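**Student:** Here is what each chain is made of, one letter per residue.
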Amino acid sequence: MHRPDFIALAPLLILALSAAAVMLAIALRRNHLSAMGLSLTGLGAALTALPLMARYTPRTVTPLLIMDHFALFYTGLILAATAVVIVLSYDYFSQKDDLPEEAYLLLLLAALGAVILVCARHVAALFLGLEILSVSLYALIAYTRDRNISIEAGIKYLVLAAVSAAFLLFGAALIYAHTGALDFQQLGALLKAEPSGRPALILLAGLGFLVVAVGFKLALTPFHMWTPDIYQGAPAPVTAFVATVSKGAMAALLVRLFTPTDLPHWPALYLFFTAMAAASMAAGNLLALLQTNVKRLLAYSSIAHMGYLLAALLFSGQKAAVVMTFYLTVYVVSILGCFGIIAILSSKERDADTCQDLQGLFFRRPLLTGVFTTMLLSLAGIPLTAGFIGKFYVVSAGVENAHWFLVIILVVFSGVGLFYYLRVIIAMFSPSLDEGLVPSPALPALSAPVVLTLTFLSTLVLWLGVWPSWFLATLEKMLG
Amino acid sequence: MILAFLILIPICGGVLAWTMESRHPGTARWIALAVLLGNLGLTALLVPARFDVVSAVGPFLISLELAWMPALGIHFHLALDGLNLVLVFLTHFLGLTALAAAWTEIEHKIGFFYFNLLWVLAGIMGVFLALDLFLFYFFWEMMLIPMFFLISVFGHANRTYASIKFFLFTQISGLLMLLAILGLYFIHGRLTGRYTFNYLELLGTPLSDVSGMLLMLGFLMAFAVKLPAVPLHTWLPDAHTEAPTAGSIILAGLLLKTGAYGIMRFVVPLFPKAAAAAAPFAMFLAVIAILYGALLALSQTDFKRLVAYTSVSHMGFVMLAIFAWNQLALQGALIQIICHGLSTGALFFLAGALQERLHTRELGRMGGLWAAAPRLSGMALFFALASLGLPGLGNFIAEFTILLGVYQVSKPLAVLSALGLISAAVYSLWIIQAAFHGPPQPKLVLADLSGRESAALLAMLAALVFLGLYPQPVFTAAEPALTHLTRTAATQKITEAVPAPPGENPHASP
Chain A
3 MHRPDFIALA PLLILALSAA AVMLAIALRR NHLSAMGLSL TGLGAALTAL
53 PLMARYTPRT VTPLLIMDHF ALFYTGLILA ATAVVIVLSY DYFSQKDDLP
103 EEAYLLLLLA ALGAVILVCA RHVAALFLGL EILSVSLYAL IAYTRDRNIS
153 IEAGIKYLVL AAVSAAFLLF GAALIYAHTG ALDFQQLGAL LKAEPSGRPA
203 LILLAGLGFL VVAVGFKLAL TPFHMWTPDI YQGAPAPVTA FVATVSKGAM
253 AALLVRLFTP TDLPHWPALY LFFTAMAAAS MAAGNLLALL QTNVKRLLAY
303 SSIAHMGYLL AALLFSGQKA AVVMTFYLTV YVVSILGCFG IIAILSSKER
353 DADTCQDLQG LFFRRPLLTG VFTTMLLSLA GIPLTAGFIG KFYVVSAGVE
403 NAHWFLVIIL VVFSGVGLFY YLRVIIAMFS PSLDEGLVPS PALPALSAPV
453 VLTLTFLSTL VLWLGVWPSW FLATLEKMLG
Chain B
7 MILAFLILIP ICGGVLAWTM ESRHPGTARW IALAVLLGNL GLTALLVPAR
57 FDVVSAVGPF LISLELAWMP ALGIHFHLAL DGLNLVLVFL THFLGLTALA
107 AAWTEIEHKI GFFYFNLLWV LAGIMGVFLA LDLFLFYFFW EMMLIPMFFL
157 ISVFGHANRT YASIKFFLFT QISGLLMLLA ILGLYFIHGR LTGRYTFNYL
207 ELLGTPLSDV SGMLLMLGFL MAFAVKLPAV PLHTWLPDAH TEAPTAGSII
257 LAGLLLKTGA YGIMRFVVPL FPKAAAAAAP FAMFLAVIAI LYGALLALSQ
307 TDFKRLVAYT SVSHMGFVML AIFAWNQLAL QGALIQIICH GLSTGALFFL
357 AGALQERLHT RELGRMGGLW AAAPRLSGMA LFFALASLGL PGLGNFIAEF
407 TILLGVYQVS KPLAVLSALG LISAAVYSLW IIQAAFHGPP QPKLVLADLS
457 GRESAALLAM LAALVFLGLY PQPVFTAAEP ALTHLTRTAA TQKITEAVPA
507 PPGENPHASP
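Chains as they are written, first to last, in my numbering: chain A, 3 to 482; chain B, 7 to 516.
If you're looking for bench data, these hints aren't it; they were derived computationally from the structure.
Since we're looking at a predicted model, the values are computed, not measured.
Backbone N, C-alpha and C fix where the C-beta goes; we use that ideal spot for every residue, glycine too.
Honestly, I wouldn't trust all of these hints.
[Unchecked claim] Some chain B residues flagged as far from chain A (calculated, every beta-carbon gap over 12 Å):
hint	residue
1	PHE11
2	GLY44
3	TYR205
4	GLN414
5	ALA469
[As the list claims (entries may be wrong)] Covered stretches of chain B, as calculated for chain A (at least 3 residues, CB under 8 Å):
hint	region
6	148-159
7	172-183
With these hints in hand, go ahead and build the complete structure from the sequences.
**Tutor:** If you want it as structure tokens, here you go:
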């Protein structure tokens, strides 16, 4: 290891150090504010290290990690999203009296795992990152220990994540048995060289297991069952983290794994991906129609969005990285906004996640309603918001490469999807049913950092929706 | 830049109205008024001395092109010719009428209402002015959201159902149009090497029969839902009935017109061959819409619902005329667009005024209103007569010209659609009979039209009389634009007849 290696690894090192620092600080003296401050400082330092590190990219650090532009961008995205989650967590946890400090420690560790995932160039690093991320999430999801629903969600996640990790390991073992390689680059080259007509069964099985594991993490149909329960049970900021950082890192890994393998070269795999994408779009959007709980609704909508993302991977071949990254960034920003609002509205006892909680919100909190509406419209893909440009980009990639089947599925089901977003929006703009009878719960005043964060997120959504060319050009330059 | 201001001013005005209303209640409507009047003044500046000065790219009086997403070939490209100048005027006129209707009707969330009103007008203006297909789609979608809020927040009892139905119909058909736009973009890009959404460059893209037909259907779907064409009209009666008065006026007067404009500007010129192939079918559907809409209107008991169904019938004439695609029919279609906007807008205005006073839209619970409110009833009689096509009023000119134009193309369809005029007379007179004549309701106290209401209606009345007696200014304004459209479509049909071998020479210009 040389000096440039350390600089290239700086964000990971800083993250690990700040996790340790938070742990020590908690051991010395429990203080919510200082734990939050320390974590944010750590994230800030890691973020400022990114431009420094950019000078040394692309650089392979140890056989396990690669620091290229792709890793750089996703590390930035993960760090920024984690910072937003931490800001939201502070207000959320400070209403609850018991021991909120460790949440930050776990969030930092989870972010570290996610960063390792996006930098991975070897199956061992993949597994390492995945486990750091998952183990932190077990505890985070069950963090509100006084709620049965959280404990249940935590245990569910533990079992399912462990099973999917087992799938991943077994798949990797099978692939290794056939090819003798665990390095992504070597693997990609070997897979490309494989005769396309009849691939060895053992290799196909290995790849299949790997895809199942990834499908679990991304919650693609038919591996989506855990999502609604986890989304509903976890505390709102943690849900935001699961939805954005954890899924985002996994999607990035998907791009890294499968862009070099030339998917159409593998008809079986290609067919499997197509079926998963179509099923996710259909199941996600249709099941979301039945939900009355907003967190569950967003869970199903996230299944559909992961379907769109997978479709983008299939559509765009070499350009997949750019299209998917744009879509994912937009998705992360919008989802953070949605769960941010839910976190703000939540009370000490429960999260504000039913349609009744949102009913008539416009009359109590017009600005929050405006932000929430913008985020939902962005998820629905309506112009003026970033979601529209993202969806436009995906659809145009599909039309360009004449993937008519998936394009039609995407268009039809995103049309269906509008319905449930609109239902939430209408609920917010309708007067409460019990207005005047029951005094609506007094909402806590917003703290300055939260206001700043929400302003930032909504500005980003509108800016990317109206003027995306700068961001698109940057992405093309970094990843194209 | 004036064109961009036409859109930007209402957008900024909407935000201003919303923010100011919370600090100084009562200011929002004055801001909206100032914005619309200012915009109208700006538009008036654009009226040229002569319309027949044709530039190289077409009969555009003024255009604006700014880079927006140049990497994808997307430009902020607006242009004005005689056709959309007339439509922009109509937008302002009906915008002001809607404002007059909303002045006292809207009592809660006033700031938000005017925000949506101005944004929907900005979106409509954008749709009429955009010459970049991406931009067009952008505005097409942008006008939906405020309209959705106007219905779902400010509408009547069944507003949630109506607003979601409206949104789903228009949005899903809009997505099909997006697919067609992208299809055209990539086909053009592959053939010429230039990936662009510029309408003027996409004109004349050589297409195979199948792809031309599919793309044309994608566009037509979106416009036919808006128009609305039978059998895609079912959102319309619900949306019109449940919307607040201002919403109904904008829906009937402007939103439906964007569909007609889209067919004129995009469907036929971009895909002349496919459109010609589909024309008999489309004209047949249009005649069905004329007759079916009129028939359904006859059986309605709700004032607004009745007027909504007459819209289906009247817009059938517009679709018939556009697919007949000759100068005469197109001129008639344009006049029909304006006159239907005015007369139906006025009828919705009156329905709203009645509902504000009587708290009902049921014709069965009205009757004998003439004695109580003579001015209101007189106005209603006038606009009902306009709607049935009384000679001397604009609607007569429109329908007469359309029938003349259609007669040259298909005699049976012209004859059949003329039957629609008869049923129009029946339902129009029936409204008058049921609501304003007959035995008066006991203990009826009814305020007559206020000065503001009378002024708005008188302006519409004057416009209809003017168009009925002297429609030439509109013909003159639109003539070069319509000639250009028909000529583009015709020349393109010839180039298409000699199909370029696809894919052989990808860099040749079309």
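**Student:** Run every hint past the structure and note whether it holds.
**Tutor:** Structure-based check of each hint:
Here PHE11/B stays apart from chain A, with its beta-carbon at least about 17 Å from theirs, past the 12 Å limit. Residue placement check: GLY44/B keeps its beta carbon more than 12 Å from all beta carbons of chain A (closest about 23 Å). Every beta carbon of chain A lies more than 12 Å from that of TYR205/B, the smallest distance being close to 17 Å; the non-interface claim holds. With a closest Cβ-Cβ approach of about 39 Å to chain A, GLN414/B is found to remain outside the 12 Å limit, as its non-interface label requires.
No beta-carbon of chain A comes within 12 Å of the beta-carbon of ALA469/B; the shortest separation is about 33 Å. A count of 7 residues in the region 148-159 of chain B with a Cβ less than 8 Å from any Cβ of chain A is obtained; the coverage claim is therefore met, three being the minimum. With a cut-off of 8 Å between beta carbons, the region 172-183 of chain B has 6 residues touching chain A; three or more are needed, and the interface restraint holds.
When held up to the earlier numbered hints, the structure conflicts with none and fits them all.
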